[in-house]
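If you read the sequences in order, they're chains Y and S. Numbering of the first sequence is given in the working numbering, commencing with residue 1 and proceeding in unit increments. Numbering of the second sequence is given in the working numbering, commencing with residue 1 and proceeding in unit increments.
If you are wondering where the hints come from, they were derived from the structure by calculation, not from laboratory data. Be a bit skeptical, because a hint or two may be false.
The following residues of chain Y were derived to be distant from chain S, with all beta-carbon distances above 12 Å [as the list claims (entries may be wrong)]:
1. Glu85
2. Val87
3. Lys108
Chain Y stretches covered by chain S per the calculated footprint, using a threshold of three residues with CB under 8 Å from any CB of chain S [as the list claims (entries may be wrong)]:
4. 70-80
5. 91-104
Don't be surprised by glycine CBs; every beta carbon is placed ideally from N, CA and C.
Here are the chains, one letter per residue:
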Amino acid sequence: MATTMAGVSLSTPRALSPATDSPKVHAIKSSWLNNPWKRSSQFGFVTGRMVVRPVYAAPDKISDKVEESIKNAEAACGENPASGECVAAWDEVEELSAAASHARDKKKDSDPLEAYCKDHPETDECRTYED
Amino acid sequence: MAICTVYTTKLNPACSSFSTPSKTHLGFHQKQVVFYKKSSSRSTRGTSPYFITCSAGDSQTIVIGLAADSGCGKSTFMRRLTSVFGGAAEPPKGGNPDSNTLISDTTTVICLDDYHSLDRTGRKEKGVTALDPRANNFDLMYEQVKALKDGVAVEKPIYNHVTGLLDPPELIKPPKILVIEGLHPMFDSRVRDLLDFSIYLDISNEVKFAWKIQRDMAERGHSLESIKASIEARKPDFDAYIDTQKQYADTVIEVLPTQLIPDDNEGKVLRVKLIMKEGVEYFSPVYLFDEGSTISWIPCGRKLTCSYPGIKFTYGPDAYFSHEVSVLEMDGQFDRLDELIYVESHLSNISTKFYGEVTQQMLKHADFPGSNNGTGLFQTIVGLKIRDLFEQIIASKAKTPVEATKA
């Protein structure tokens, strides 16, 4: 990555007017033409860009519950896949998976580096690099 | 002017605590509410608190309903919507850390899972899903949304998604805009009638599967099989109780696989439809070039270069569940900023307050899912339309304050 520093992009999307309602259109200045939103692909498969970002796992308690609920659902459906018991068990898997995902998002928001970079996107430690 | 109303309501025993909020945090509503319990010695079937409200203002809470299945982008939509109104939406301060509520200056978002009548164990015992109306207390949902709409604070239960239990209730004060989001905002006709505007997020099966893989594959214990099994097991209830609500929505955002790439099944590029009902008060549909015409537009060409696979828009009148609608469709994704601003400048009736506001909102939340495609674009536009609707309702109330309070 160090060899491609020429392609450095100093942009982070958070640089944009956080929480202000200023009627100025910061967004369409040409300095933003290096398309900072590109990093947020719908599926997280960021193409053509390397974003160094820690992988967040959901808090262990919920992760354990998700794992356990899947085992329970598989067991509950072994006997009768159309039973209410089976359907309710898979619904519990969905509910816990969604809760785990929300917990990951929450944890991400409370990451001290992420919080710092929201306010100081220009600093070295907050830069993101294109490869 | 003082108007008093007496409500007699049976509340969920979990919610019948006493509270006397005299004023909301906004200083906007000036109603008082007193809860008191009748002696329950004669009746063992729960409590029947009466509450009396005295209104001295002409304020009213506007209620928005957002329906979608679990894992289909309700949270992202809520973050985009509250951002349009300015200020971050946060959980109630000092409350239950597992509260599902989000509060900002103008907006309070409540999650309808809080009206589960059966907790996780209860559903397991009875063999019903959370999608099943039998697992939800629509009477309480109606009473509380109605009370909030009338400017009365309520003690709303909290469904804890981690423990699967109903936690002690939290106090919800009437906001300017109340958003009820969840599985069933349009299921019960009484609740539906309280909505000033409603949205349904309709995610096609292919995309739902792709999104859940993205969400869950890293989670321990999950596999393609478990993700598929969960979707398939829930599908009969989803079709019976959730999907049927889309016919009532004022706006539907439909998310489908792209048609720009032949036989694409990766689900990375999306085709998104914004279906807007005609004739909805305070809501005029967005259009492309010429209102009411049928238009197919590829913005990429001589004036604008797009990256593969390009972008395609279509617009035109249509019918949706025998309602007259306008449909705006975007296939493809924005890979460059000039693509986004070029598209914005060709759309009309998007209720922006200045040139480039949609683009600014999209960039501000570039890290949210869908910021480079039709889901982000249309969610942002719907957010602006809701702001416009809210401002129009407030303006019309200001013109006829007496009529408004009588209503």
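Cross-check of the supplied hints:
Listed as a non-interface residue, Glu85/Y fails to keep its Cβ farther than 12 Å from every Cβ of chain S; the least gap is roughly 5 Å. Against the 12 Å criterion, Val87/Y falls within the reach of chain S, whose nearest CB is about 5 Å from its own CB. Not every Cβ of chain S is farther than 12 Å from the Cβ of Lys108/Y; the closest lies at roughly 10 Å, contradicting the non-interface assignment. Counting residues of the region 70-80 of chain Y whose beta carbon lies closer than 8 Å to any beta carbon of chain S gives 5, which reaches the threshold of three, so the coverage claim holds.
Note: the region 91-104 of chain Y has 13 residues with beta-carbon separation from chain S under 8 Å; the three-residue rule is met and the coverage holds.
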